[in-house]
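With chain A held as given, fit chain B onto it using these hints.
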Amino acid sequence: MTLNETIKFIKMKIKESLKQDGVKASVNSKMPLIGNDSALDSMMLIGLCLALEDRARDEFEFDWTSETAMSKSRSMFRSVHSLAEEFIKQQRAQQ
Amino acid sequence: MMKLDKFIEGENLDLCIPTEKFASQSDWYSWFNDKKIVKYLEYGLYPNTREEQKKFLNKSENRLILMISIKNKFDYIGTISLSKINYKKKNCHIALVLNTNKEYNPFIPLESIALMTEHAFEKLSMNLISAGQHVNLHKWQNMMELVGYKLEGLHKNTFIKGFEISDSFWVSCQLDDYILLKKNRGRLWDGTNKIKNRLMKKRKIRSYSNFLKGIYKNERKKYYQKVFNL
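Chain order of the listed sequences is A and B. So for the first sequence, this note's numbering puts the first residue at 1; every next one is plus one. So for the second sequence, this note's numbering puts the first residue at 96; every next one is plus one.
Treat the hints with care, as some may be off.
[To be verified] PhoX-like cross-link-like pairs, simulated, lysine-lysine; straight-line CA separation at most 25 Å: (1) B:K299 - A:K13; (2) B:K131 - A:K19; (3) B:K297 - A:K15; (4) B:K234 - B:K256; (5) A:K89 - B:K291; (6) A:K15 - B:K299; (7) B:K297 - B:K308; (8) B:K234 - A:K19; (9) B:K134 - A:K15; (10) A:K19 - B:K130; (11) B:K134 - B:K234; (12) A:K19 - B:K312; (13) B:K291 - A:K13; (14) A:K19 - B:K134; (15) A:K24 - B:K197; (16) A:K15 - B:K197; (17) A:K19 - B:K308; (18) B:K299 - A:K11; (19) A:K19 - B:K256; (20) A:K19 - B:K297.
[Unchecked claim] Just the calculated beta-carbon pair ranges, DEER-fashion: (21) A:M1 - B:Y311: 37 to 43 Å; (22) B:K297 - A:G22: 20 to 26 Å; (23) A:K15 - B:I274: 39 to 45 Å; (24) B:E217 - A:E61: 32 to 38 Å.
It is worth saying that the hints were derived from the structure and are not from the lab. From the three backbone atoms N, C-alpha and C, an ideal C-beta is built for every residue, glycine too.
Pulled out of the complex, with its shape left as it was, chain A reads as follows (with noise of 0.2 Å):
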């Protein structure tokens, strides 16, 4: 999966989230997934990384949950790019 096929995908399921719960908001590669600004809630965040989990599954493992990877999470979860930076970064870590 490329950098662009991933932030194509998790602002897929965001929408889909977002329209399941009746919120309306505009998602672009800027949008924030926690804090002040964020419209999604935590359980909409563990959903989009359950997904991307899925999405991995066959090519690599990728890791949100570790100590390691919470650490950084204020980073990883900045925004939609953020987020997808890091898919691609553990991608191709472990290939």
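Just chain B, lined up with the frame of chain A:
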């Protein structure tokens, strides 16, 4: 950041003891004036102040309230409480308030529930812990099932705030279920990774809340139409 004493330590968080000084000097009081934080809570009708927060903390009869802190950071992202603690009937309510403006590990809310639930059964000798939730929090209700909370029912039109009238879920954790989970896992929260793997598997099971919503929308309606037309 003010350092509060830790009361319960977990994997991703610590549950700390709030003090009067904390209530009167921190921004804790302001959480209850924030529309985003109180969206699904029965707070936000009247303005909260530091003084009110101090009074709230001191009115601690039959209640245990703890601050949720990111592990070893003393960065407080929410509160978790047991209220209406009844030692005769051995039951109580559990509630969580999260400062959604903060950045935190998304598993912290569920681990907080697990730690407080364990405390209620193991230390306070409870037999039953219950909670009510806005119907829109169905994903959260679904997650709480992983730490022992079963869906007990859907209460029609019980969440009222201004013009909004919504349904709420009622959930509870029974001592028997807690003992079973403890026997299977060792502890209610046996690690983020194990909980995450259960969540992964759980997505393939149709949620009981959806099933129940269907019953309320169809079967229940038809049933009472028949009964009330007898």
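Cross-check of the supplied hints:
At roughly 17 Å between alpha-carbon atoms, K299 of chain B and K13 of chain A fall within 25 Å of each other, so this suggested pair holds. The straight-line distance between the Cα atoms of K131 of chain B and K19 of chain A is roughly 18 Å, inside the 25 Å bound, and the hint therefore holds. Between K297 of chain B and K15 of chain A, the direct Cα distance comes to roughly 22 Å. Compliance with the 25 Å bound is thereby established for this hinted pair. For the hint linking K234 of chain B to K256 of chain B, the alpha-carbon distance of about 21 Å falls within 25 Å, and the restraint holds.
Taking the CA atoms of K89 of chain A and K291 of chain B, the gap is about 22 Å. The hint holds against a cut of 25 Å. A threshold of 25 Å between alpha carbons decides the hint, and for K15 of chain A with K299 of chain B the separation of about 21 Å falls inside it, so the pair holds. A threshold of 25 Å between alpha carbons decides the hint, and for K297 of chain B with K308 of chain B the separation of about 19 Å falls inside it, so the pair holds. For the suggested pair K234 of chain B and K19 of chain A, the alpha carbons sit about 14 Å apart, so the restraint of at most 25 Å is met.
A threshold of 25 Å between alpha carbons decides the hint, and for K134 of chain B with K15 of chain A the separation of about 21 Å falls inside it, so the pair holds. With a C-alpha separation of about 21 Å, the suggested pair K19 of chain A and K130 of chain B falls inside the 25 Å cut-off, and the hint holds. Taking the CA atoms of K134 of chain B and K234 of chain B, the gap is near 16 Å; set against the 25 Å cutoff, the hint holds. Between K19 of chain A and K312 of chain B the CA atoms are separated by roughly 21 Å; this keeps the pair inside 25 Å, and the hint holds.
Using a Cα cut-off of 25 Å, the hinted pair K291 of chain B and K13 of chain A holds, with the two alpha carbons roughly 18 Å apart. Between the alpha carbons of K19 of chain A and K134 of chain B the distance comes to roughly 18 Å, so the proposed pair stays at or under 25 Å and holds. About 21 Å separates the Cα atoms of K24 of chain A and K197 of chain B, which keeps this hinted pair within 25 Å; it holds. Restraint check for K15 of chain A and K197 of chain B: the C-alpha separation of about 22 Å stays at or below 25 Å, so the hint holds.
Only pairs whose Cα atoms come within 25 Å are accepted, and K19 of chain A paired with K308 of chain B is accepted, the gap being roughly 18 Å. With a C-alpha separation of about 22 Å, the suggested pair K299 of chain B and K11 of chain A falls inside the 25 Å cut-off, and the hint holds. For the given pair, K19 of chain A sits about 23 Å from K256 of chain B by alpha-carbon distance, which is consistent with the 25 Å threshold. Taking the CA atoms of K19 of chain A and K297 of chain B, the gap is about 21 Å. The hint holds against a cut of 25 Å.
Checking the proposed 37 to 43 Å range against M1 of chain A and Y311 of chain B shows it holds: the Cβ atoms sit about 41 Å from each other. With their beta carbons about 23 Å apart, K297 of chain B and G22 of chain A fall inside the hinted range of 20 to 26 Å. Taking the beta carbon of each, K15 of chain A and I274 of chain B are about 42 Å apart, inside 39 to 45 Å as hinted. Between E217 of chain B and E61 of chain A the CB atoms are about 35 Å apart, so this pair conforms to the stated range of 32 to 38 Å.
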